[in-house]
Amino acid sequence: MSSHDEAAGRLGLGALSKRSPGPARPGVVLLARRYFTSRAFGWSIVLLALGAWQIASTLHRMPQLPPLTDIGAVWLDRVQNGDLVAAVLETLRITVIGYAFATVTGVVLGFLMGRVPVVWGGAEPVVEILRQIPITALLPLLILYLGIGDSFKIVIVMLAATFPILLNSYAGARSISKTMAMTAQTFQLNWIQTQIEIGLPAALPYILVGMRQALAVTLVIAVVTGMLAGNSGIGYFILEAQQVLDVKALFAGIFTIAAIGYVLNALFLMVEQRLTRWRSLGSARH
Amino acid sequence: MTSEGVSIRVSAVSKRYRSARGEDVTGLSPVSLSIADGTLVSIVGRSGCGKSTLLRLVAGLEAPSGGGIAVHGSPVSRPPDSVRYLFQNYGESLLPWRTVGGNIQFGLRHAYRRSILTDRAGIRAVIDEKLAEVGLAGTADRYPSELSGGMQQRVAIARALASEPQILLLDEPFSAVDALSRANLQDLLLRIWQSHALTIVFVTHDIDEALYLSDRVLVLEPNGGGLQMDVDVPLPRPRHQIETRRAPAFVEMRSDILKRVLAPN
Ligand SMILES: Nc1ncnc2c1ncn2[C@@H]1O[C@H](COP(=O)(O)OP(=O)(O)O)[C@@H](O)[C@H]1O
Ligand SMILES: [Mg+2]
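If you read the sequences in order, they're chains A and B. Per our numbering, residue 1 is the first one in the first sequence, and the count goes up by one each step. Per our numbering, residue 1001 is the first one in the second sequence, and the count goes up by one each step.
Simulated from the structure, these hints should not be mistaken for laboratory data. A few of these clues could be false.
If you want a taste of the chain B side facing chain A, the calculated C-beta under 8 Å gives, among others [stated by the list, open to error]:
# : residue
1 : LEU1061
2 : PHE1087
3 : ASN1089
4 : HIS1110
5 : TYR1143
Treat the numbers as computed from the prediction; the structure is a model and nothing was measured. For every residue, glycine included, the Cβ atom is placed at its ideal position computed from N, Cα and C.
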């Protein structure tokens, strides 16, 4: 069960849970059970699929499905000549800047909406209307206003990432119990102290969930803007490969994005679990 | 009126609430009483009689609909400096993201008399001292969620003590705790009451508990009806969990109060 819970945490469905030592049941049954309920099972499926791909594409050569070894060779080549690395760094640059702006805007506005009635009253209708608009519907307009340079890409990334962070920060700010609010009052905390010492820490787990949701969106949008603007980043790298029918480079680009997304999410989970360690302690005992 | 020797003066205080359906609800009918410095007074009564309401009014956590309250002679319009409130649901009152030591440091930082404790060693010493006082030595680095209910309420007590209050208000603080821990917590409360020369107002629905702890027991009428009985408890101190509870005077007072509380009205 514990490895299943762990997987749920990885998918953002729950907090970190610790593996509990079950009753000793030696033998094959136990080992099989461990294996099939752990991520190792899923990784084995991935490896099997990749193996099948490699064998099939080697036995029967198809231009649309090159062998993995060939893709690997192209990947290494493009890393060494620097253009894949440059494309990745460019996409990450857009991602980081847009994400940073979105975090500040989303946390500040969402948190204040949850804590200050006037801010809620003033901002709620605007937020509710704006978040209904698909980000893709705004692309033509923003290109018209901002061109296809940095500011366009950063604004799009920021818009896409702001809403998940804002909505979760708002929920976090609303999550403070009446007892907790009265605790702040009886210890004579003023408004600022209450927000810093109680409001923000209580909202932090929610804020982090929003930031993790936003992170996934951000990377996708950053890739798309590169394709759309047709001038930079890993999105453009892939588009260019497609235009010259370089399927190996295309796959190299796709795998790179998948790897970056996986690593970013894993890093984020590590930070998140450190910051909200207090949350998992109680539940681990029950 | 002089405030000499009086901690809390409640003058014709009443509270009305508006229910979710918009009806007028009586939280508390007008009550007048005064509580002397250094006494331990309990408030008992059936659920819904207004015990918590009265306590929140004294704590300045709610404003009365009528009448007024003074703490140490000053009218209460917001939570008074010298008062700390302990909640029944301690689990929601402790800061779960801070360690036990961190929670006590929170009390220290928001102390009544702002002591200038800036060096880490000094703060750590006070934390350890408060923890030892409530029987939780060595738990400073653990998180509240790692402790049992009774231990969490001890942390809440230590945190309140760290802020050096003169008056402690407790709303059914031990009702969610098992019977054995409960007896220990009662004796702990009596110890800190004496060593810190506190004035304590203790809300409970348990008449035995009220008598065991108190100098004086106030009984409220059902449904926010106001004050029903005001009983002095002349039992000798120190109290003893077994001897005190089987003293004839204790048994007699308990049945007197019980009769009035259970009487159909
Ligand atoms: N915030 C509130 N809103 C509406 N009614 C309330 C509120 N707080 C208490 N009451 C009502 O006031 C009465 C007294 O409640 P309370 O002081 O909590 O009683 P006790 O603590 O003795 O059980 C009850 O009828 C209760 O429903
Ligand atoms: Mg109550």
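Here is how each hint holds up against the structure:
About 5 Å separates the beta-carbon of LEU1061 (chain B) from the nearest beta-carbon of chain A, less than 8 Å, and the hint is met. Taking 8 Å as the C-beta cut-off, the interface hint given for PHE1087 (chain B) holds, the closest approach to chain A being about 5 Å. A cut of 8 Å between beta carbons decides the hint on ASN1089 (chain B): the least distance to chain A is about 5 Å, and the hint holds. For HIS1110 (chain B), the interface hint holds, since its Cβ comes within 8 Å of a Cβ in chain A; the closest pair sits about 4 Å apart.
The interface hint given for TYR1143 (chain B) holds, since its Cβ lies 5 Å from the closest Cβ of chain A, which is under the 8 Å cut-off.
When each numbered hint is compared with the structure, no violation occurs for any of them.
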